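S.K.: Given chain A's structure and the hints, the job is docking chain B onto it.
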Amino acid sequence: MSIARLAAAFNCFLTHNILADRLRYMPIQTIEKFEVKFLQIINEKGEADGSLVSSFTDSDLKKFFETMILARTFNQRALSLQREGRIGTYASILGQEASQIGSALAFGGEDWLFPSFRESGVLIARGYPMWMLYRYWAGDERGMKAPPGVNIFPMSVPVGTHVPHATGAAWAMKLKGHKKAAGVYFGDGGSSKGDFHEGLNFAGVFKVPAVFLCQNNQWAISVPRKRQTAAGTIAQKAYAYGFEGVQVDGNDITAVYRATKDAVDKAKRGEGPTLIECFTYRLDDHTTSDDASRYRSKEEVEEWKGKEPLIRLRLYMEKKGVWTKDYEDAIAKKALESVDAEIKKAEGFTPPDPADIIRYTYAEPTPRQKRELKEFGWEK
Amino acid sequence: MPWTKVYGNKAEFEKLSGSTPGLRGITYKDALLEATTQMLASDKNVFVLGEGVDDAGGVFGTTRDLHKKFGKDRVIDTPLAENGVTGIAIGAALAGMRPILVHMRVDFMPLSMDQIMNHAAKWHYMFGGKVSVPVTIRSIIGRGWGSAAQHSQSLQSLFAHIPGLKVVMPATPYDAKGLLRSSVYDGNPVVFIEHRWLYEHIGHVPEEAYTVPIGKAVVRRKGADVTIAAASLMVYEAMKAAEDLKAEGIDCEVIDLRTIKPLDIETLTGSVKKTGRLVVADTGWKEFGIGAEVIARVVEEAFHALKAPAVRVALPDVPTPASPVLEKAFYPGKEHIIEAVKKMLVRERP
Chain A
0 MSIARLAAAF
10 NCFLTHNILA
20 DRLRYMPIQT
30 IEKFEVKFLQ
40 IINEKGEADG
50 SLVSSFTDSD
60 LKKFFETMIL
70 ARTFNQRALS
80 LQREGRIGTY
90 ASILGQEASQ
100 IGSALAFGGE
110 DWLFPSFRES
120 GVLIARGYPM
130 WMLYRYWAGD
140 ERGMKAPPGV
150 NIFPMSVPVG
160 THVPHATGAA
170 WAMKLKGHKK
180 AAGVYFGDGG
190 SSKGDFHEGL
200 NFAGVFKVPA
210 VFLCQNNQWA
220 ISVPRKRQTA
230 AGTIAQKAYA
240 YGFEGVQVDG
250 NDITAVYRAT
260 KDAVDKAKRG
270 EGPTLIECFT
280 YRLDDHTTSD
290 DASRYRSKEE
300 VEEWKGKEPL
310 IRLRLYMEKK
320 GVWTKDYEDA
330 IAKKALESVD
340 AEIKKAEGFT
350 PPDPADIIRY
360 TYAEPTPRQK
370 RELKEFGWEK
Chain B
3 MPWTKVYGNK
13 AEFEKLSGST
23 PGLRGITYKD
33 ALLEATTQML
43 ASDKNVFVLG
53 EGVDDAGGVF
63 GTTRDLHKKF
73 GKDRVIDTPL
83 AENGVTGIAI
93 GAALAGMRPI
103 LVHMRVDFMP
113 LSMDQIMNHA
123 AKWHYMFGGK
133 VSVPVTIRSI
143 IGRGWGSAAQ
153 HSQSLQSLFA
163 HIPGLKVVMP
173 ATPYDAKGLL
183 RSSVYDGNPV
193 VFIEHRWLYE
203 HIGHVPEEAY
213 TVPIGKAVVR
223 RKGADVTIAA
233 ASLMVYEAMK
243 AAEDLKAEGI
253 DCEVIDLRTI
263 KPLDIETLTG
273 SVKKTGRLVV
283 ADTGWKEFGI
293 GAEVIARVVE
303 EAFHALKAPA
313 VRVALPDVPT
323 PASPVLEKAF
333 YPGKEHIIEA
343 VKKMLVRERP
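Chain order of the listed sequences is A and B.
One point on numbering: in our numbering, the residue at position 297 of the first sequence is 296, and numbering is uninterrupted.
One point on numbering: in our numbering, the residue at position 307 of the second sequence is 309, and numbering is uninterrupted.
If we strip away everything but chain A, and leave its shape as in the complex, we get:
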């Protein structure tokens, strides 16, 4: 018998014995445990956890409130423009402002975000020009050409396919030794995709500085959250990938901010990724091409209307003496004025150059494309 075969036989004997021991003395043992935390700082009635809320200054609260009013104004005007035929299909953010803005504001300017199509609030919070967003929704590629210094990648319309992109970008940051993080937004529907699994699995294995933000708004078009996964929470899926998952009240902007900030800081300390499930609700239809009343009850929507993010922040700020009606009126007026100015700018923008149809296929046009530019009279 060769040495290799002898060793193999011994190994076999060893394995057999360990298994036999386990079966003899420990028929069932718990080898892994996990718990899923839920974070809420301000509840629906505007009551706050004193110790957790104390880290937010009055000016923080005002920034949250004003950005949410601005995003909601942008959203309302977008819906009107769509009905008037001035923009194309649009995905409303109504009800999800806290999940989007609270998380977006927790990232540093040096970090990079990968939003999905329902993240107008994220882009606005990051200072993305609103006129460009309107251009984009009116069907203009140039609307997604983020200005320098606004570290945001174009919105992903395909569902969940950008999750691995964020993992890859985060990994590049790690390889380059940069103290940066990547954040990616997707929905409860996106969490069922293979891309979600592959992106999070890799992120866990290579401990990349990424923050995965699941915007669980309870509905993936007409598929309810319960038909999306049998798991009790989406947050718990993180544990299967070897990192932490947390569920937050997605309609409490302070909780969303806190959880995201902790995750971003953790990522930058080199301690790996986090999955944050923002538990929120899509108050509007999936998009302007959808009619949600055909698949969900009026009662459910009404119930969530009472939990929407502006109400509780307003109540809490009023109690603190930071909110008055005059303050909100002034904010709303300013928001409307600025949104109107942005729409004017969007609609007055020069139409795209026909040569763009060829120009951007490759970093440099191919010889055939150069010839076509000439043939079509589009050469500059």
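Hints in this document: simulated from the structure, not taken from any laboratory.
All figures in this text were calculated on a predicted structure; none of them were measured in a lab.
No residue lacks a Cβ here, since even glycine has one placed at the ideal position from N, Cα and C.
Check each hint, because a few of them may be wrong.
[Said to hold, decoys possible] Far from chain B, some chain A residues (derived; all Cβ distances over 10 Å):
{"no.": "1", "residue": "L60"}
{"no.": "2", "residue": "A331"}
{"no.": "3", "residue": "R358"}
{"no.": "4", "residue": "R367"}
[Unchecked claim] Distance ranges between label pairs, derived from CB positions:
{"no.": "5", "chain 1": "A", "residue 1": "V204", "chain 2": "B", "residue 2": "V221", "range": "42 to 52 Å"}
{"no.": "6", "chain 1": "B", "residue 1": "Q152", "chain 2": "A", "residue 2": "K369", "range": "33 to 43 Å"}
{"no.": "7", "chain 1": "B", "residue 1": "E245", "chain 2": "A", "residue 2": "K379", "range": "41 to 51 Å"}
{"no.": "8", "chain 1": "B", "residue 1": "D79", "chain 2": "A", "residue 2": "K175", "range": "13 to 23 Å"}
{"no.": "9", "chain 1": "A", "residue 1": "S53", "chain 2": "B", "residue 2": "Y187", "range": "29 to 39 Å"}
{"no.": "10", "chain 1": "B", "residue 1": "D75", "chain 2": "A", "residue 2": "A331", "range": "43 to 53 Å"}
{"no.": "11", "chain 1": "A", "residue 1": "E270", "chain 2": "B", "residue 2": "N120", "range": "25 to 35 Å"}
{"no.": "12", "chain 1": "A", "residue 1": "A230", "chain 2": "B", "residue 2": "D79", "range": "23 to 33 Å"}
{"no.": "13", "chain 1": "B", "residue 1": "K70", "chain 2": "A", "residue 2": "V204", "range": "15 to 25 Å"}
{"no.": "14", "chain 1": "B", "residue 1": "N120", "chain 2": "A", "residue 2": "K178", "range": "49 to 59 Å"}
{"no.": "15", "chain 1": "A", "residue 1": "R268", "chain 2": "B", "residue 2": "E14", "range": "55 to 65 Å"}
{"no.": "16", "chain 1": "A", "residue 1": "A230", "chain 2": "B", "residue 2": "W199", "range": "47 to 57 Å"}
M.R.: Leaving out everything else, chain B in the frame of chain A:
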């Protein structure tokens, strides 16, 4: 030029290069390894990832021991997830890296087709040129050993069909090294297709780093009667066919396409205008394949130069069989090219 020469084997290389002292000959696989080593050494943004890149074999020797030299952070054996890993390479490219993603077989790439065609190929276009995705995807085609229907396909035309992608298929060690560097620094996603049967081919390869331009074909053999356009392994079959046909007094010009997309149509039409006859030899399927595109483009641009209908030598419209007996009937080679050329010469239009 020593590097435009095609050598069938080591003995042939040594015989033909004997007159040029100091001419270094290395294999196709070593040329790829050398190109990758040089880029990893000189550019921190370049990294290699793929399933099995740090295995002892090192993807047929093309990534051998790179992880030992450059560390497991830059030569990464990944979890098994073709689509996810492609997305991750795209994300890293968006963040300024130049990833080289390696697939052991092109047959695994359909799993990553969504990330390749809907993302890598589209982002630059969809967002007004704001972002580019300089990912190089190396993939291997092969034949024989009973690899069969799911492990020996030749899918170049699938990728060449997608705007925004570039597709290269080097045939010689010189081109393998130079085109790999060009692909990594191209600024676009490039699908880099290698034929396994080429790995042991020896050719002249300079030691220093250099590039071979993407989108440029090369005339491997000058001739006056028939143009044979070929890619990858079929270049060698075309060269052998030309050699045999010469004995019968038929003078063939052999064009190595090198790049499938963008196609170097000028070199092709230039040759056809001279010879008036075109045979296209491809490692892939005939239907809707590279041959169809090459011939269509030549017909569009040089119809009147054609003295006879152009002919494709490519795979029949069936999956690859496993049995060596069936494989022999399945794969076209030198004989098929010779037959096509001869038929063409009697089918001339008046």
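S.K.: Next, verify each hint and record whether it holds.
M.R.: Going down the list of hints, with the structure as the test:
no., hint, verdict
1, L60, "34 Å, holds"
2, A331, "32 Å, holds"
3, R358, "7 Å, violated"
4, R367, "6 Å, violated"
5, V204/A <-> V221/B: 42 to 52 Å, "48 Å, holds"
6, Q152/B <-> K369/A: 33 to 43 Å, "40 Å, holds"
7, E245/B <-> K379/A: 41 to 51 Å, "49 Å, holds"
8, D79/B <-> K175/A: 13 to 23 Å, "21 Å, holds"
9, S53/A <-> Y187/B: 29 to 39 Å, "53 Å, violated"
10, D75/B <-> A331/A: 43 to 53 Å, "51 Å, holds"
11, E270/A <-> N120/B: 25 to 35 Å, "33 Å, holds"
12, A230/A <-> D79/B: 23 to 33 Å, "30 Å, holds"
13, K70/B <-> V204/A: 15 to 25 Å, "20 Å, holds"
14, N120/B <-> K178/A: 49 to 59 Å, "32 Å, violated"
15, R268/A <-> E14/B: 55 to 65 Å, "59 Å, holds"
16, A230/A <-> W199/B: 47 to 57 Å, "48 Å, holds"
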